[in-house]
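Protein chains in written order, with this note's numbering: chain A, 477 to 725; chain B, 54 to 735.
Among the hints, a few may not be true.
[Said to hold, decoys possible] With a straight-line cut-off of 35 Å between C-alpha atoms, the simulated DSBU-like cross-links for lysine-lysine are: (1) B/Lys704 - A/Lys499; (2) B/Lys527 - A/Lys555; (3) B/Lys280 - A/Lys555; (4) B/Lys365 - A/Lys565.
To be clear, the hints were calculated from the coordinates, so they are not data collected in a lab. Quick caveat, the model's predicted, so the values are computed rather than measured.
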Amino acid sequence: MLRAESLRKVFFPPRGEAVEAVKGATFTVEPGEVFGLLGPNGAGKTTLLRMLGTIISPTSGHCWVGDVRTDEAKDDIRKDIGFLSGNTKLYGRLTASEVLFYFGRLYGMDDGRIQSRIDELAEMLDMTTFIDRRCEALSTGQTQKVSIARVILHDPKVLILDEPTLGLDIMTSRSILDFILHAKARGHSIIFSTHYMTEAETLCDRVGLIYDGELLAIDTKEALYEQAGATNLQQTFLNLVGDEVEAGA
Amino acid sequence: MNFRTVKTIFKKEMLDTVRDKRTLVMMIGVPVLLYPMLLIVGLQGALVQHATLEETVSRVALDTEEPELVETWLEDVEMVELVDTDTPAADLDAGNLDAIVQIDGPVAAPLAAGQSVTVEVLFDSTEFTSMDAAGRVRSGLEKDGEALLDTRLADQNLDRAFITPLEIAREDVAPPAKTTGNALGTILPVIMVVMLALGAFYPAVDVTAGEKERGTFETLLSTPTTKLEIVTGKFVTVFLLAMMTGLLNLGSMAATFVFMANQLKPILGDAVQFEIQFPPTAIITFFLILIPLAFFISAIMMAIAVFARSFKEAQNYVTPFFVVITMPALFASLPGVKLSAGTQFIPIANVILLFRDMMTGKASYEATFAVFLSTAAFAVLALQFAAWLFQREEVVLSEEKGFPLTWRRSEFRPRPTITASMSLGLFTIMLIMLFYVGSTVQAWKLLPGLLITEWLMLLAPILLLLWYAKVDFKTALNLRPLSFQGALGSIVLGFFSILLVIQMGFWFNQVLPVPAEFEEEMAKLFSSDGSLLQLLFLLFVAAVSPAICEEVMFRGVILSGMRSRMGIWPCVILVGLLFGIFHISIFRIPPIAIFGMVLTYLTLRTGSIYAAMLVHLMNNSFAILLTTERMPAFVGTLLELETFEEKGMPKPVLAVAIVGFVLGIVLVEWSGRKSNRAPAPD
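Same shape as in the complex, but just chain A:
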């Protein structure tokens, strides 16, 4: 289970005004649930997910992984989290298998278990042909598969995926979406952000709409359609966020 309570993040740039990137987010992602985070660029999605992944600490508010409050926990709490974003790249000069071994060891796994996990994941994500190739020589899709393998390697309770299908071809996107469904079936709590409405429609149990640092609505798809008077997520998004833009203007 993943829980956020009144999470706020204020950035103080070296010059200029303080920026409130996330203005108090409260929600829960249950085990076996996929929570979609939708919002335009710069809405605060990545900042929110970074706080949940304990990459940065919130200015105020807390998050829980299971019953552990992350700011009170030691760094070990990250054993229960798998975090993926556009900024979590892989070491180009290492092979895919070396990268996975490295992270496995950092997660405190022993080499035997890492090897069997790699074999398992290579099979599942179809990576056997390039597992011993250096990451710098891999295609975008292959790289993303290795990243996905890295995130799930230590079998964390919580998966935080920031735009996992960005820039991928249909085939690779498909296999990553399958992977998310597989993880859902195994009882992981999954939160992911995306720009692709169809993805969110097929995958998410619940959706959060974020705009300008504020969570505008959190509910099941159906409830949101009703609230916005729409029939699909794209329309819902445009209606709800559009209202907000008008209100702001």
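Starting from the known structure of chain A, fit chain B onto it as the hints suggest.
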């Protein structure tokens, strides 16, 4: 800190670096191939040019009223050919002529009259051939001058001794090993500093800014590793590569140098004697001292490079640092700069000065220790700084332009104690402050200097820091009330440990005797005119002030910081050792460290800093009363102070002290069961 994790990070960074061609070329390519090639190519060029010059005949013109006479002087000079020209000056300028021999006025007549004639040799210093010609002509003419002098002396029936009443000979009695030791001792460490910096440069930038640029830092931060583990793993990589590159560079230079010396020998002949002798101890110490030096340079390079977002930006930040580190190196090589109380604490310069002293056999243990200590202190500080930077998300994850660091208090979250790394950093800063500020004000005026050191230099900044970092004073300083049982146990344990520590000082004195000057310094501290007022002042300065200020520092912030990371016993040992080191002198460290351990134990068991303050106050007052001879007479008799220097304390007193010490521990443990012990924060 999990060492398996550190090892994993270290191994990965090494593999990553070894696979990076850019780093490999800088590390191995440059020293092993480029230097020797450049030097050898340059040398061969010089040799070829030298040979060509040797074989070139110098064209010389005469500008005199009596060319026939002058010609006879020059005709037997080898490799000189006399040339006829009407425009000698223009020819010399154009390079058609190598030198002009010019004499104004008559020649033969003044010579015959016993007078002097001025011969001018004109040449062009921008042309090697002209320089050579001038040299040949000059040495030829000097021989003719000598011949003329001999003739004149013979005419007067005089001996050559007549015109040289004093024959002055100079001889350098320094053995060649000493002269080369002095020369090498100055040059070698300077080269080494630059080489170490060069070696640390690429890895330091690669593991910090490089990792940021490649977008893998956030991946690493998403793993359950602590920032200190990350910094340590990366730092060990940089440190080892710096050492390796440094030694490789040095080895390569030495090989090139030997090769060049052999090539030059036939040309220079016996004029220059190379005698390179390294005393084996100097080699060992050199390596030993390279370690903190490489440590310091690597840590500071990493700290600078982590600010940058890209490899290129990091190069911009680090390059000025090259200039900065060569400044103390240059300062140390100035004539007259010696290793002294002041210079031994200047980073980099002190290492160079110490090494020179070692090569010439002048280094003292005290100075060696001070150099090691201060270099290590600076190194730890630089590493702490790097680790601290890694904890700042705006530094590690910054994507904005500009220097990514803010110090706004409003951004800090309240915290119960400072962290273990902060307390180590605080200790190091205070140690450096003590080196510079503390010793200066105490040299100015001892007692006021001590007051300034304790209250203004130690206490005030610590309290300010705690306030600024929003640290809870009560928790961080262990300001819990002291129970009655706790106070009783502390007094008993404190009293008997003071006796035991005195005895330990005696034993340690047998191993490493305290120099007499040192004891005089200590005695001077407690000199008194006997008035009660002055004694009270002395007690305030040397007993009350340290008991408050030093305890706030050690049993307060440092202890609570350490306790957040480690168990009770490691804390007792570490804080005790730091307390010992803080008293700087090698002679006082062991007994003071043990006393510090007792104080730390007391604070942890009673949960209150007041226990340590009480015992610290007891100890210092005891020492003051003893040295000012204010102690009741029976104390002196009981402890047999008259014979302390030879025999230590009497055996029965020692036995009682040991029993009392154990009793004290029992009392403290008993009180600890009842009252609140200092809980481990988190």
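Can the restraint linking B/Lys280 and A/Lys555 be considered satisfied, given a maximum Cα separation of 35 Å? Holds, at about 15 Å.
Would you mind confirming whether the straight-line C-alpha gap from B/Lys527 to A/Lys555 stays at or under 35 Å? 34 Å, holds
Distance restraint between B/Lys365 and A/Lys565, which requires alpha-carbon spacing of 35 Å or less: 20 Å, holds
Given the hint that B/Lys704 pairs with A/Lys499, does the C-alpha gap stay at or below 35 Å? 73 Å, violated
Comparing the model with each earlier hint shows a violation of hint 1 alone; every other hint is respected.
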